[in-house]
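As they're listed, the protein sequences go chains H, S and E.
Here the working numbering is used: the first residue of the first sequence is 77, the next is one more, and so on.
Here the working numbering is used: the first residue of the second sequence is 3, the next is one more, and so on.
Here the working numbering is used: the first residue of the third sequence is 185, the next is one more, and so on.
Treat the hints as calculated values from the structure; they're not laboratory data.
Heads up, a few of these hints could be off.
[Said to hold, decoys possible] For lysine-lysine, the following BS3-like pairs were computed, each having C-alpha atoms within a straight-line distance of at most 25 Å:
#, chain 1, residue 1, chain 2, residue 2
1, H, Lys121, S, Lys322
2, S, Lys157, H, Lys121
3, H, Lys136, S, Lys157
4, H, Lys175, H, Lys194
5, S, Lys322, H, Lys125
6, S, Lys285, H, Lys136
[Unchecked claim] Chain E regions said to be covered by chain S (calculated; three or more residues, Cβ under 8 Å):
#, region
7, 231-238
8, 436-449
9, 457-471
10, 562-574
[What the hints assert, rightly or not] Quick look at which bits of chain E chain S covers, simulated, 3 or more residues with Cβ under 8 Å:
#, region
11, 253-266
12, 418-432
13, 522-531
14, 616-630
15, 633-641
Glycine included, C-beta positions come from ideal geometry on N, C-alpha and C.
Residue-level listing of the chains:
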Amino acid sequence: MASTRYTKDHEWIRLDGETATVGISEYAQAQLGDVVYVELPPIGKRLGKGDEAAIVESVKAASEVYAPVAGEVVAVNSDLEGTPAAVNEDAEGAGWFLKLKVADAAEIETLMSGEQYKAFLETIQ
Amino acid sequence: MRYLPLTDEDRAEMLARVGVAGIDDLFADVPPDVLRRDLPDLPHRRSEVEVERALGRLAAENVAAGAVPFFVGCGAYRHHVPATVDHLVQRSEFLTSYTPYQPEIAQGTLQYLFEFQTQVAMLTGMEVANASMYDGSTAAAEAVLMAHRITRRHKAVLAGNLHPHYRDTVATVSRLADHEVVAAPPAPAGEEGLIGLIDDSVSCVVVQVPDVFGHLNDLTALAARTQAAGALLIAVVTEIVSLGLIVPPGQMGADIVVGEGQSLGNSLSFGGPYLGLLATRQKYVRQMPGRLAGATVDAEGQRSYVLTLSAREQHIRREKATSNICTSSGLCALAFTIHLTLLGEAGLRRLARLNHARAVALADALTRVPGVTVLNRAFFNEFTVRVPGDAADVIERLARAGVLGGVPFSRLEPRRRELSDLVVVAATELNTDEDAAAYAAALTEVLAC
Amino acid sequence: MLNRQGRSTAAGEAGAARAATFTGNRALRIEEALIFEIGRPEVSGVDLDEPPDFALRLGGLERTAPIGLPGLSEPETVRHYVRLSRNNYSIDAGLYPLGSCTMKHNPRLNEKMARVPGFADIHPLQPLSTVPGALALIAELSRWLIELTGMPAVAMSPKAGAHGELTGMMAIKAALLARGERRSVVLVPESAHGTNPATAALLGYRVEAVPARADGTVDAAEVERHMTQDVAAIMLTNPNTCGLFERDIAAIARLVHAAGAFVYADGANFNAIMGKVRPGDLGVDAIHLNLHKTFSTPHGGGGPGAGPVAFSRALAPFAPVPCLTAGASGLAYVEQAEDAPPPARPLGRLCAFHGQMGMFVRALAYMMSHGADGLRQAAEDAVLNANYVRASLADLMSLPYGNRPCMHEALFDDAWLDGTGITTLDFAKAMIDEGYHPMTVYFPLVVHGAMLIEPTESESKASLDLFTATLRDLALAARRGDTERFAGAPRYAPRRRLDETRAARHPVLRWSPPKPEAAE
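In isolation and in its complexed conformation, chain H is listed as follows (with noise of 0.2 Å):
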C-alpha cells in the first residue's frame, strides 16, 4: 500500500507499481478557492521532475501544477473538464490531475512524507 508523497509547491503523488498518481493537496485547493478550470497535458508527454504538468484555474488565479519526479503522462483525469470542482471536493482523491508512469521510484522517496508536509505547512501559515 503505497503512501502519498508531498512536494514544497503543494502537488501530491501516490505510487502503484509502475505508476503514480499526481494531484494538488487538499491546502492547495483551499488556497486557491473554487477550480473553474484544469488544463491537463497530453498523454504521452514526457516530464522532468520540476516540469510545468498543467494549469489549474480559479476565478482570480492561475497555477501552475509541476511534476513532483520525472515521467511520462500515460492517463488524465478528463472527468475534471466538466467537473473541477472535484478538485474543491476531494483533492487527494478524485480530484487528480494525471498518471505518470515513473522514470525513478526512488525519486519519490526524497519527498515529503504526510507528517513532514503538515509540519511544513505550519511553518507557511
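For chain H, the structure is supplied; the task is to place chains S and E on it using the hints.
Only chains S and E this time, still in chain H's reference frame:
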C-alpha cells in the same frame, strides 16, 4: 483653473494636515537635480473660448468627407450614424465609467457587452466573440498569435489581397516575436495560388473578404484545405456592413473571424479610435485574447453579467497571458451595438443592399469614362478601377477639383510600380446620384488633360 | 404569474427576496431585458431608402439565411440604453479611488472638439494635402509630449497603454538586433502591472522578477545583481505601483545602459510627475503615456484609449511608421518604413492608419486648457490629495511601507484587518453601499490584500473629507468585528455579489435562442 477644485486655502489646510511645509516636501524622494523648477516650455492655460478657437482653426484646414463627393474606403467607411447613437454614448454612465471590474455597479456596461458579443457572433456566423480589440488590424495580429498557440506552429500565410496595413501590422509583431510570415503578393485581378502555400508547418491562413481590391471570394475550399493541413483559417472583414448581404465567413468554414467595426456607430476620425472584432469557435474560447462578458446570477438569483475567463488575461496570467491587452474599445463597441440595435436585421439588410446598389451604379458610371476599367466582377460596396497614368496623381487632381475619389493603391504599396494605375473606390448609402455624376464628370476632365 | 422577463413572481422564488414589485423594478432602477428578448428582426429604428431593383453582383455569395439580429424602434432603443446606463457608476457621478487608473474628470470640451467635422469626418487615406490641420494637430500634441517627457521623439500610433508597451519593447528588441545582439531576459519588478511581463513574454523574452527592498522601491544594487549581458531591458514604473518614487532610477538607468541594455518606463503614473520631473532626465529610453489616464480622455467603460511612446535618442531611429518629421519644408509624414530618412530604421507598423486621432484631439484640448502651469498644478494637487487621504487614514489602516509621504496614490494592506474575519474584498464591497466605487484591490501583488487609493486632482477637499470619513467609519466597524455590514455587501447596488465561479465553470458568452419546448 476650471478643472482644479482645490483653492489655495484648501491647499494650505491640507498641507498642514499632512504635516509638511510645502508641496515640494512631498517630492522629497525626487533627486534635486531632476526636480524641475521651471515650467515646461509650453503655452500657459487657456480659456475654453481660446481652446475652441485654436483647435477650430486646425479643423477648418481639413476637407471633411461630408463637404464633397466622397468615395474613400480601404478599411474605413463613411456611413450615416443616427443622432441617437452619439447622444447615448455620451451619457455620463457610459462615457465616464471604468472597466467593469466591480460588476455590481457596472451591469449597464456588462449587459451591453454581452449583447455586443452576441451580435458579433451572429453577424460573423461564429459561436463566440469577445468584447472588442483595438481595431481590425491588431485583431488580425492577435488572431495569428492565437492560431500559433492553438496549433503550436509559428508560420502564418497572409493572402496577397489582405489590406497592406493589416499585413504590415501582422508582419511587424511576428518578426519581433520570432514567428514566420509568408505574404503572397497583391493580385488585383483576384487571388490565386494561396492553396499552394499551405503545408503542415503553417498555423493559419489569413484572408480578407471582401478583399482589399473589393473582390468577393467563396472561402469554403480554402477553409477545407487549410484545416486538412491542421491549420486555422482566419477571415478578415474590414467592412462590417458587408455581412448584411454576403455569406458570413463562419458559414464558409472560417475558424477565427476578425473585423473592423468602425462602419457601424463610429466616425472616420482620421483612423481612430476604431473597433476590433474577434469571433471564433467555442472550442477555442480559452485561447481568445481580450475581455469576455459572461452570464451568471447574483446572490439573490438575479440574472447578471460579469467579466469572465479572466485567468487568460494579463492581470492574472502575466507572462503567460493570451495577450497583453487591457483597455480595448469599449465605447466604440457601445456605439456599434446601439447602431446595430437601431438597424435591426431588416435595417442592416436594407443598408447593405443600398450600399451595394450605390457601388454598382457608380461602377457602371465610371466604366463609361474613357480609359477607365473596373476590375471586379463581384464586389460589395468597394471595387478597383484602372486609370490611364499615375493613379495618385489622378486622385490628387480630383481632390483639387473637389472630389475625393478613392485610394490610389500606391498609397498603400508605393513600391509596386505595376499597381500604380489602380484606385480603390468605395460607395455607401451616403453617396447620391449627383455624387456619382460629379465623380464621372471630374474624372473625365482630369483624364482628358 | 410572469413578469416581463418571463420570471415567476410567485412567493418563495428568488425574486421574493427583493422588493416585491410586479416588474422587479425599484423606482428609477429598471430590470432591463436583453435586446434579443424585446427586439424583433423586422423592426428598425432607422428609416432607409428602399433600394432600387437591380441585379446583384455578389458572385453568388448572397446571404439568405436569417441572422437573428433584433431591432428596436428609436424610442425603444433610447429606453433600453438609458435604463442600462442607470446601473453604472461613473466618474461624473462619484469619486473613483482606483490606484494606477487616474480617474480624473473628463471635460466635455474634449468631446465637443473631437466631434468637429474637420476632425471627426476626415478619412485616414484621403490625400494628405486635404488634411494639413490633422497633421498639424498630431505634430502639436507630439510637441507637448516631447516637452513634458524631455525626450526627443514620440510615436503616436499605439492604441492603448499596453500597445505602447509593446511598441517600446519592440523598439528595444529592434535596437539590439540592429547591433547584432540577441538578448533573452527582461527584468521586471515584482510590483509591476501584469501587462509588463505579458508584453515581454509576447516578444519571446524570459521575465526575471526583481524584488523590492524593505521600503518598497527597487534597489540599484539589486538590479546590478541581476544584470548580465543577456538582459535586454528593465521595465520600471515611476512612481511605482506602490505610489513611491523610484529614487534609484537614475543610477539604475546608468548601470543598465553600461551593460548595453535599455530602460522601459510604464507611464501609467505620469500624473504624479508631469511638469515636475522629466523621464528623459532619468535615463529612460522609452515611456508610454496613457492619454485616457493622465490626459483626461474618457475611459468609456473599457476604452478606447491611446498610448503614445516617447523615445530616447538611442531608440528614436526605431520608432514605428507612420511618423511625422519636421523638416526644412515643413512637416513630412512617413508612412512606409522604406521611406524613412536615415538614420531612421522604423521597426515597422503597429496598426492600420495613423493612431487614435479622436483621442489626440481630446487630450490636446485638455492640455491646452491646463497649459504648462495648470498641468504642473494638477500633478501637485494629485500628490497632495493622495497624501491627504493617507494622513486621514493612517491611524486606522495599515501602510505596508510606513506612514511616509507617497506620490499620487496611497497603498494600504490588510494587516489591520487581521483577526476581524473581514477581507479586503469585503471592505471594498461595503464601500459600494456607501456610494463609492472601490479602490484598486489586490494589486500590487507584493503586498497582502492591497488597497491602492488614487483620488486624482479632480477631487475637492470636501469630497475627500467625506470619502475619508466614510472609510474611517467602515474601518472602525471592521475593527469592531461588525461582519454584518461587510459579509453581505453590497446590499443596495443593482446586484449583490455575483457567482463568478459559475460564470467561469460554465461560460455563457452570448445569448442563444431558447430551444424549442418539448411537447407538454
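Which of the listed hints are broken here? 3, 8, 15
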